[in-house]
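These protein sequence lines are chains X and B, in that order. 100 is the number that the numbering used here gives to position 99 of the first sequence; each next residue is one higher, with no gaps. 75 is the number that the numbering used here gives to position 63 of the second sequence; each next residue is one higher, with no gaps.
Be aware that a few hints might be false.
Facing chain X, according to a computed beta carbon distance under 8 Å, are these residues of chain B, among others [to be verified]: (1) Tyr70; (2) Pro118; (3) Gly122.
These are calculated hints, taken from the structure and not from any lab test. Even glycine gets a Cβ: it sits at the ideal position worked out from N, Cα and C.
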Amino acid sequence: DAKTTQPPSMDCAEGRAANLPCNHSTISGNEYVYWYRQIHSQGPQYIIHGLKNNETNEMASLIITEDRKSSTLILPHATLRDTAVYYCIVSPTDSWGKLQFGAGTQVVVTP
Amino acid sequence: GAVVSQHPSWVICKSGTSVKIECRSLDFQATTMFWYRQFPKQSLMLMATSNEGSKATYEQGVEKDKFLINHASLTLSTLTVTSAHPEDSSFYICSASPWGAASNQPQHFGDGTRLSIL
């Protein structure tokens with residue numbers, strides 16, 4: 002089973018911020034949190050990752066709680082092209098690169 | 013940077029034929045690549061780890077004689093679906109990373125190959 006829990010779906014208005022939650026209560030101390038998204042019929046696209054500090058890049062921001070049991074991906078200004086399934090993945094410490102995808106969150110951005 | 017390319021993007025074959033899918037790292041070398049499979053309306057499932065110069069390792073339940081993996085160079089891994097049947101129809105995706113295991117840097121994915129067996 003996946004080590005993360007995400008809501009199955011979210012709607013977001015174009016131009017507004019989209020906040021995607023993820024619970025990972027069993028995360029280990031040296032495990033990273035990765036976010037990917039998959040637009041229909043394409044391969045997953047890397048968004049951002051972090052260990053314990055908040056991270057920001059050109060695509061999104063990642064907020065990780067102090068106890069590291071949950072995180073939030075923030076898309077600051079959602080566009081229609083951000084409609085996708087978003088996956089929150091906790092990296093396995095003993096098997097690098099082997100990503101365990103859960104069901105993810107289907108985000109639909111509407112005009 | 014870190015571009016992963018798959019070929020073909022879409023293939024339709026008759027039942028019983030074998031199909032080869034290529035995964036290339038275009039601007040970096042990858043000693044390890046990963047193969048995933050995704051059925052409609054489902055999430056990605058890891059099939060196997062492709063290791064350059066050595067045998068692939070397969071996840072539980074994946075038939076190694078059915079899904080042949082060859083990683084003959086640092087930029088190319090191939091997945092061959094042998095004697096494909098309709099139940100093998102799926103979206104096959106590979107991933108790779110230019111960084112080693114200790115870096116915790118992310119994997120990058122190809123755009124996938126949609127396989128349809130008639």
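Against the structure, the hints:
1. Given the 8 Å rule on beta carbons, the hint for B:Tyr70 is violated: about 12 Å separates it from the nearest Cβ of chain X.
2. At its closest, the beta carbon of B:Pro118 sits 4 Å from a beta carbon of chain X; the interface hint therefore holds under the 8 Å criterion.
3. Interface hint at B:Gly122: satisfied, since its Cβ lies 5 Å from the closest Cβ of chain X, which is below the 8 Å cut-off.
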